[in-house]
Amino acid sequence: MTATTTATGVDRKGTGNRLGRMALAKEPQKSFRDLDGPTKRFIGKAGVTLFATIIMVGFLLPLVFMGVTSLKTEDQLANQQILPKTVDTVTITEGEFAGDYDLLSVPLPDGSTPALALVKPGREESTFVDPAAPEVPIEWVGRWRTLEPGYTLDPTFENFGRAYDRLNFLQLLRNTGVIAGLGMAGTVISSTLVAYGLSRFRMRFKGLIIASLVATIILPRFVTLVPTYAVFSRLGWVGTWWPLIVPHFFANAYNVFLLRQFFLTIPRDLDEAAEIDGAGPLKTLITVILPQAKGAILAVALFHFFFAWNDFLEPLIYLSGRRDLQPISVGLYEFLGLYDTAIPLVQAGAILSMSVPILVFLSLQKIFLGGIDLSGSLK
Amino acid sequence: MATTLFAGSPDETDTVDIGDGRLAKRERRRGLLFVSPWLIGLTLFFVFPIVASLVMSFTDYRLVADGDEPTKFVGLENWRTMLGDDNVRNGLWVTAKFGLLFVPMSIFVPLGFAYLLTSERLWGRSFFRVMFYLPSMVPFVAGVIVWRFYLNNQSGWLSRLLRGAGWEGTPNFLNDKNWVLPTLVFMAMWGVGNSIIIFIAALNGVPTQLYEAAKIDGAGKWRLFRDVTWPMISPITFYNVIISLVGLGQYFLVPFVLLGPEGPPEGASRFYTMVFFRETFSFFKGGYGAALAWGMFIIVFAITSLLFWSAKFWVHYEYEER
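Protein sequence lines correspond, in order, to chains A and B. Under our numbering, the residue at position 48 of the first sequence is numbered 48, and the numbers go up by one with no gaps. Basically our numbering = 1-based index in the second sequence + 379.
Check before you lean on any hint, since a few could be wrong.
Claimed, not checked - Counterexamples of contact, computed for chain B against chain A with all Cβ distances above 10 Å:
| # | residue |
| --- | --- |
| 1 | ARG401 |
| 2 | LYS451 |
| 3 | GLU456 |
| 4 | ILE486 |
| 5 | GLU645 |
Claimed, not checked - In silico DSS-like cross-links for lysine-lysine, where the CA-CA straight-line distance does not exceed 30 Å:
| # | chain 1 | residue 1 | chain 2 | residue 2 |
| --- | --- | --- | --- | --- |
| 6 | A | LYS85 | A | LYS120 |
| 7 | B | LYS404 | A | LYS283 |
| 8 | A | LYS206 | A | LYS294 |
| 9 | A | LYS206 | B | LYS691 |
The set of hints was computed from the structure by calculation and includes no laboratory data. Owing to the predicted nature of the structure, the values given are computational and were not obtained by experimental measurement. We treat Cβ as the ideally placed atom computed from N, Cα and C, and that holds for glycine.
Same shape as in the complex, but just chain A:
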């Protein structure tokens, strides 16, 4: 693995020890090369890590944008500040200038720039007062619009509550949960059976069956969409959850490949022992194979969960007009259509909708990324 660390831009610093010493012999000046090995390695690591951090921040910046925007009010959105900040105001309760005013930083002739309340804005000349001494008007010559207002960080969480209500979040959660849960059960059971069949039994046309699985990965799904829709419509299933659940009870190429590959790594001696003890193949699968394949099966379940959470086109066409049955992806889409201009509100809705998959991912990331590793190691 030593050689795979190229193309990071800071690599030159970490040139190998041997090369460093050779160069030192020719060019004896105080430089990076004089540093001892551990120091050099430390700097190299810090450099690569810093580089990766910068890339990561850029990569995740849209998420930061989303979070920050969701904490703004409409007014804060309009004031063009990056963070949710409110213009400072002050209320003067007594005297000639009682009322609410914006606070601006005003550069005064004595060199100070205190925050003063703008009480009488004018084109070329305005009147300010110091909130601490509101009786004394301060005349200031210049355009007040060029002055910096004072801002205070003032995030709000009310967008989340509003988005939660208007999305009808609990109902979306329930719908998505039922669709994802049933489909997950379907794909786990059927893919396990098929993968077991393809990994443990000799049969005719096995190559052809595997090729058919590959073919369905490559097939554009639009080709099957119209006739499938027609059949489901004839069955009276349009406007129900069935078209989103039933097909998952017939296995799926990615899951079958992943599980089959995993089953192939499980030694056969155990199955044979079980068989000698009189266990049928189904019993062998349940008592011998499944306990060892928990991780792979959980990965398949997670894949389906994320798929169902994200699935959009089929719910859109099969559940159009049935708002009460729609899953979260379609719900969020319609929410976007309704509140298009309320940017902080839609961002909060988007955060709500992604919170569940993100939390599940972060808590189970080892199993999940391990599952992808496994699907990658097949090739």
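Got chain A; can you put chain B on it based on the hints?
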């Protein structure tokens, strides 16, 4: 070869002939029983719809019944219409232009990230791995919501960042017909998590001795990449190319939700799939839609066949010993 590329290693049960004895018959019967969910699913959800779709493409089938008029055969009419349809031509052109950028980027961007994330000089590799995967977990509608406002040319952070860096006339990314496709590709790079993870596994799988041997022979970094890494990971690269081509063939949802079914501006984002969707689910022309879908199937099939054929020139299997 297609199957070893996707289905992993063949096992000995694939090749051994077990004859026709009683036990062999029983084993076959049992195997078939376990595989039957797939065989049924294949028939119901793939073979039947594909054939039905082909038949429909020769009819004037309407998705929503149009009075009592029965569906009738119209011969090659749909196919002829398709060949002369300007929308279809534009859709193909848009898809091709997008793909020319999208396919290479969806190989090299995750490969670059994977390189960075396997660097031994990186502290907290597993943390970075999770962080670079994170955007792939954002449901795509939520992703569209973020990007739509992130890319706004006045208030969006990208434009502000670029203006801050000294680029005054930042383009209107989503409303400029020259910028909309590159912008969509840029956005798509947010979802390369799976490819990153697969490439990381591939890079970690290259035997260290090969690098050491090459270094003894005096190979520099570029040579190491070109002559060791690239050939060694080429099966994974091939897999990723196929997956990204498949993704290209059905690329639809992001532009549909982000920009709407018309593919603005001036049809610059009106992908082939959007033409299909409009004809089928907005105008309910099931027959014409089926012809469009089949047209796409033929193109995808041709391109993937070409790729599978090309694999023998650039995909290396010498060290595949799994």
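Now for the hints, and whether the structure bears them out:
no.	hint	verdict
1	ARG401	14 Å, holds
2	LYS451	16 Å, holds
3	GLU456	17 Å, holds
4	ILE486	14 Å, holds
5	GLU645	22 Å, holds
6	A:LYS85 with A:LYS120	24 Å, holds
7	B:LYS404 with A:LYS283	20 Å, holds
8	A:LYS206 with A:LYS294	26 Å, holds
9	A:LYS206 with B:LYS691	24 Å, holds
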